[in-house]
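With chain D's structure known, arrange chain B on it following the hints.
Residue-level listing of the chains:
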Amino acid sequence: MKYPVTTFRQLYYTCKEQRKQIFEVALENEVDKGDYSEYQVRLQAAKSLNAMKEAIQEGLKSTELSPSRMSGDDCDKLQRRYANTRSILGSTAEKIMIYALATSEQNLRMGTIVACPTAGSCGIVPSVLIAYAEENKIREDDEINALITAGEVGRIVSNKMALAGAVGGCQAECGVASAMAAAALTQMRGGTVKQVINAAALALKNILGLTCDPVCGLVEIPCVKRNPFLAIHAVTASELAMADIMSKIPPDEIVDAMEQTGQLMSPLLKESSKGGLATTKTALALEKNILK
Amino acid sequence: MNQSSIIDIISPIMAGPSSSHTAGAVRLGLLVRNIYNAKPDKITFKLYNSYASTGKGHGTDKGLLAGFLGFSVCDKRIKTVFDTPEAKELNYEFEYLQDFNRHPNAVDFVIEGGLNMLISGNSVGAGEIEITNINKFSVNLNGKYNTLLLVYEDMPGVISAVTAVIQKDNVNIASLHCDRSGKGKDASMCICLDGELSRDCFKEISELKDMYIVRYIKKLES
Numbered sequence: 012m013k014y015p016v017t018t019f020r021q022l023y024y025t026c027k028e029q030r031k032q033i034f035e036v037a038l039e040n041e042v043d044k045g046d047y048s049e050y051q052v053r054l055q056a057a058k059s060l061n062a063m064k065e066a067i068q069e070g071l072k073s074t075e076l077s078p079s080r081m082s083g084d085d086c087d088k089l090q091r092r093y094a095n096t097r098s099i100l101g102s103t104a105e106k107i108m109i110y111a112l113a114t115s116e117q118n119l120r121m122g123t124i125v126a127c128p129t130a131g132s133c134g135i136v137p138s139v140l141i142a143y144a145e146e147n148k149i150r151e152d153d154e155i156n157a158l159i160t161a162g163e164v165g166r167i168v169s170n171k172m173a174l175a176g177a178v179g180g181c182q183a184e185c186g187v188a189s190a191m192a193a194a195a196l197t198q199m200r201g202g203t204v205k206q207v208i209n210a211a212a213l214a215l216k217n218i219l220g221l222t223c224d225p226v227c228g229l230v231e232i233p234c235v236k237r238n239p240f241l242a243i244h245a246v247t248a249s250e251l252a253m254a255d256i257m258s259k260i261p262p263d264e265i266v267d268a269m270e271q272t273g274q275l276m277s278p279l280l281k282e283s284s285k286g287g288l289a290t291t292k293t294a295l296a297l298e299k300n301i302l303k
Numbered sequence: 719m720n721q722s723s724i725i726d727i728i729s730p731i732m733a734g735p736s737s738s739h740t741a742g743a744v745r746l747g748l749l750v751r752n753i754y755n756a757k758p759d760k761i762t763f764k765l766y767n768s769y770a771s772t773g774k775g776h777g778t779d780k781g782l783l784a785g786f787l788g789f790s791v792c793d794k795r796i797k798t799v800f801d802t803p804e805a806k807e808l809n810y811e812f813e814y815l816q817d818f819n820r821h822p823n824a825v826d827f828v829i830e831g832g833l834n835m836l837i838s839g840n841s842v843g844a845g846e847i848e849i850t851n852i853n854k855f856s857v858n859l860n861g862k863y864n865t866l867l868l869v870y871e872d873m874p875g876v877i878s879a880v881t882a883v884i885q886k887d888n889v890n891i892a893s894l895h896c897d898r899s900g901k902g903k904d905a906s907m908c909i910c911l912d913g914e915l916s917r918d919c920f921k922e923i924s925e926l927k928d929m930y931i932v933r934y935i936k937k938l939e940s
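Here the protein sequences come in this chain order: D and B. Per my numbering, the first sequence starts with residue 12, numbered consecutively. Per my numbering, the second sequence starts with residue 719, numbered consecutively.
Next up, chain D with everything else stripped away, as it sits in the complex (with noise of 0.2 Å):
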């Protein structure tokens, strides 16, 4: 491969020429820009697969709050739910849920997670591909290589912004995430290059405009409970997606968009905690009573 892949519509045309999947294309790439091996990509793939599993095993087993006391036992909360009632949406979905609730709250425990692309986000991919897999029996090599398409999916976005949400909002991190998300259950599921990308555009696209705004400048709240929100949302994506329900803004220039929205969104909303819920009367009542 002479030019390295920076789009999207590059992968999608890389892969068709040389018929090939994404994280095959995505590894050449790696290996082309001459940083690492495919064997380092994909050891690190494997490291990180194992230790989002630790994670979601160590949060479901815990209901210690994190250090302000504002969350930590919502996991707890849900799984004794769906103990003996069913959700709506079938058992898959419950454990996406489950996993996203445990990942996150472990994030504030200081527990050891993988920030998959950040920590705030930390519970979307390991989630929905972990639950998955575990659901549907999927062998680990393919789990690590929905892991590594959920990665090129990532890295394709921060080359045009910085995945943090005090560049671009939380459509940066948690939106990027479910995109992500996206991308890695489609390939599961055996979706065609096109559906993969395709489910990671509508997840992205959908979220466009998501601000960042914690309580108390703490990765709290909102955070852990967007995590669940967008692992579900990430499966509607691909629902979508494996339909054949193309997002009709193409893939870059919905990563151009959310660039442009993040530069016009105000530093008020980009984890500054100087506007939207981090300025209401309850977040600021909650300030003086947590630790600081």
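Don't take each hint at face value.
Unchecked claim - Below, computed lysine-lysine pairings styled on PhoX-like, alpha-carbon distance capped at 25 Å:
#: 1; chain 1: B; residue 1: 936; chain 2: B; residue 2: 794
#: 2; chain 1: D; residue 1: 72; chain 2: B; residue 2: 797
#: 3; chain 1: D; residue 1: 299; chain 2: B; residue 2: 774
#: 4; chain 1: B; residue 1: 862; chain 2: D; residue 2: 299
#: 5; chain 1: B; residue 1: 794; chain 2: D; residue 2: 72
#: 6; chain 1: D; residue 1: 64; chain 2: B; residue 2: 854
#: 7; chain 1: D; residue 1: 44; chain 2: B; residue 2: 794
#: 8; chain 1: B; residue 1: 797; chain 2: D; residue 2: 299
#: 9; chain 1: D; residue 1: 236; chain 2: B; residue 2: 806
#: 10; chain 1: D; residue 1: 58; chain 2: B; residue 2: 937
#: 11; chain 1: D; residue 1: 285; chain 2: B; residue 2: 936
#: 12; chain 1: D; residue 1: 44; chain 2: B; residue 2: 862
#: 13; chain 1: B; residue 1: 936; chain 2: B; residue 2: 854
#: 14; chain 1: B; residue 1: 886; chain 2: D; residue 2: 64
#: 15; chain 1: D; residue 1: 236; chain 2: B; residue 2: 886
#: 16; chain 1: B; residue 1: 886; chain 2: B; residue 2: 927
#: 17; chain 1: B; residue 1: 774; chain 2: D; residue 2: 292
#: 18; chain 1: D; residue 1: 44; chain 2: B; residue 2: 927
#: 19; chain 1: B; residue 1: 886; chain 2: B; residue 2: 862
#: 20; chain 1: D; residue 1: 58; chain 2: B; residue 2: 774
#: 21; chain 1: D; residue 1: 58; chain 2: B; residue 2: 921
#: 22; chain 1: D; residue 1: 58; chain 2: B; residue 2: 797
#: 23; chain 1: B; residue 1: 794; chain 2: D; residue 2: 58
As the list claims (entries may be wrong) - Examples of chain B residues lying across from chain D (beta carbon under 7 Å, computed):
#: 24; residue: 722
#: 25; residue: 727
#: 26; residue: 728
#: 27; residue: 733
#: 28; residue: 737
#: 29; residue: 777
#: 30; residue: 885
#: 31; residue: 888
#: 32; residue: 890
If you are wondering where the hints come from, they were derived from the structure by calculation, not from laboratory data. Think of the CB as a built atom: it goes at the ideal place given N, C-alpha and C, for glycine as much as any other residue.
Chain B in isolation, oriented as in the chain D frame:
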């Protein structure tokens, strides 16, 4: 264009809750540990702006200390670092300040000991960091490259003498950043390398004339 890697997107494996405020803090501490490279009598961590106002909730103080003690970003001891034997042997304190001329996640490391050092850095997002100043010299360190840091007397020929030694190892120079306090006074050089510098070359550079500080700062694990 410097493209990111998939590895940046699906890592690091880290102690939560924040890549900028926890993992970034640990990595700043680790890099400063490598720069100082000795046991200090005392270290003061000065946290600015967002680091100061939300640092306790994010474990930024724990992260900075853990990094300086050599703990990695995923070390399970970060959460309880204040109770570790390593921390109890160190004389440290924290200060919390607001200064809007500084980066939102800025920190100063004031280190006292055989050599006094003031090292300033920022956590720039997603766990990425930068060290911007050492003892008032501007530097450009991000932990991604093995870096040779030199402080020496400003005079002609030093850059070529140093790079000639590096050439013996056949190591490519990724970037070179120089600064000085004034003509003929102290100068600094910050050389990022694509490979490893041998001990012999390091020794040879250390023995060049009028070198005050010579440090080989290893890159951080991702």
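Structure-based check of all given hints:
The hinted pair formed by residue 936 (chain B) and residue 794 (chain B) meets the criterion: a straight-line CA distance of about 23 Å does not exceed 25 Å. A hinted pair counts as satisfied when its Cα atoms are at most 25 Å apart, and residue 72 (chain D) with residue 797 (chain B) qualifies at roughly 18 Å. For the given pair, residue 299 (chain D) sits about 14 Å from residue 774 (chain B) by alpha-carbon distance, which is consistent with the 25 Å threshold. Restraint check: the Cα-Cα separation between residue 862 (chain B) and residue 299 (chain D) comes to about 40 Å, which exceeds 25 Å; the hinted pair is violated.
Taking the CA atoms of residue 794 (chain B) and residue 72 (chain D), the gap is near 17 Å; set against the 25 Å cutoff, the hint holds. With a CA separation close to 45 Å, the supplied pair residue 64 (chain D) and residue 854 (chain B) exceeds the 25 Å bound. Pair hint residue 44 (chain D) plus residue 794 (chain B) does not hold up; C-alpha atoms about 34 Å apart against a cutoff of 25 Å. For the proposed pair residue 797 (chain B) and residue 299 (chain D), the alpha carbon gap of about 24 Å is at most 25 Å, so the pair holds.
The straight-line distance between the Cα atoms of residue 236 (chain D) and residue 806 (chain B) is roughly 37 Å, outside the 25 Å bound, and the hint therefore fails. Using a Cα cut-off of 25 Å, the hinted pair residue 58 (chain D) and residue 937 (chain B) holds, with the two alpha carbons roughly 20 Å apart. Restraint check: the Cα-Cα separation between residue 285 (chain D) and residue 936 (chain B) comes to about 39 Å, which exceeds 25 Å; the hinted pair is violated. A threshold of 25 Å between alpha carbons decides the hint, and for residue 44 (chain D) with residue 862 (chain B) the separation of about 16 Å falls inside it, so the pair holds.
Between residue 936 (chain B) and residue 854 (chain B), the direct Cα distance comes to roughly 22 Å. Compliance with the 25 Å bound is thereby established for this hinted pair. Under the criterion of a C-alpha separation no larger than 25 Å, the hint pairing residue 886 (chain B) with residue 64 (chain D) is inconsistent with the structure, at around 47 Å. Between residue 236 (chain D) and residue 886 (chain B) the CA atoms are separated by roughly 56 Å; this puts the pair beyond 25 Å, and the hint is violated. Distance restraint check for residue 886 (chain B) and residue 927 (chain B): the Cα-Cα separation of roughly 19 Å lies within the 25 Å cut-off, and the hinted pair is therefore satisfied.
For the given pair, residue 774 (chain B) sits about 22 Å from residue 292 (chain D) by alpha-carbon distance, which is consistent with the 25 Å threshold. Straight-line distance between C-alpha atoms of residue 44 (chain D) and residue 927 (chain B) comes to about 39 Å, which puts the hinted pair past the 25 Å bound. Restraint check: the Cα-Cα separation between residue 886 (chain B) and residue 862 (chain B) comes to about 23 Å, which is no more than 25 Å; the hinted pair holds. Simply put, residue 58 (chain D) and residue 774 (chain B) have alpha-carbon atoms about 29 Å apart, too far for the 25 Å limit, and the pair is violated.
Distance check on the hinted pair: residue 58 (chain D) and residue 921 (chain B) sit about 37 Å apart at the alpha-carbon level, beyond 25 Å; violated. At most 25 Å may separate the alpha-carbon atoms for a hinted pair to count; residue 58 (chain D) and residue 797 (chain B) meet this at roughly 22 Å. Straight-line distance between C-alpha atoms of residue 794 (chain B) and residue 58 (chain D) comes to about 16 Å, which keeps the hinted pair within the 25 Å bound. A hinted interface residue such as residue 722 (chain B) counts as satisfied when its beta carbon comes closer than 7 Å to some beta carbon of chain D; here the least separation is about 5 Å, so the hint holds.
About 4 Å separates the beta-carbon of residue 727 (chain B) from the nearest beta-carbon of chain D, less than 7 Å, and the hint is met. Taken as an interface hint, residue 728 (chain B) checks out: its beta carbon lies about 4 Å from the nearest beta carbon of chain D, inside 7 Å. With a cut of 7 Å, the hint placing residue 733 (chain B) at the interface with chain D holds, because the nearest CB-to-CB distance is about 5 Å. About 4 Å separates the beta-carbon of residue 737 (chain B) from the nearest beta-carbon of chain D, less than 7 Å, and the hint is met.
A hinted interface residue such as residue 777 (chain B) counts as satisfied when its beta carbon comes closer than 7 Å to some beta carbon of chain D; here the least separation is about 5 Å, so the hint holds. The restraint placing residue 885 (chain B) at the interface with chain D is violated, with a minimum CB-CB distance near 21 Å, outside the 7 Å limit. A cut of 7 Å between beta carbons decides the hint on residue 888 (chain B): the least distance to chain D is about 17 Å, and the hint is violated. Because the smallest distance between the Cβ of residue 890 (chain B) and any Cβ of chain D comes to about 12 Å, over 7 Å, the interface hint for this residue is violated.
Comparing the model with each earlier hint shows violations of hints 4, 6, 7, 9, 11, 14, 15, 18, 20, 21, 30, 31, 32; every other hint is respected.
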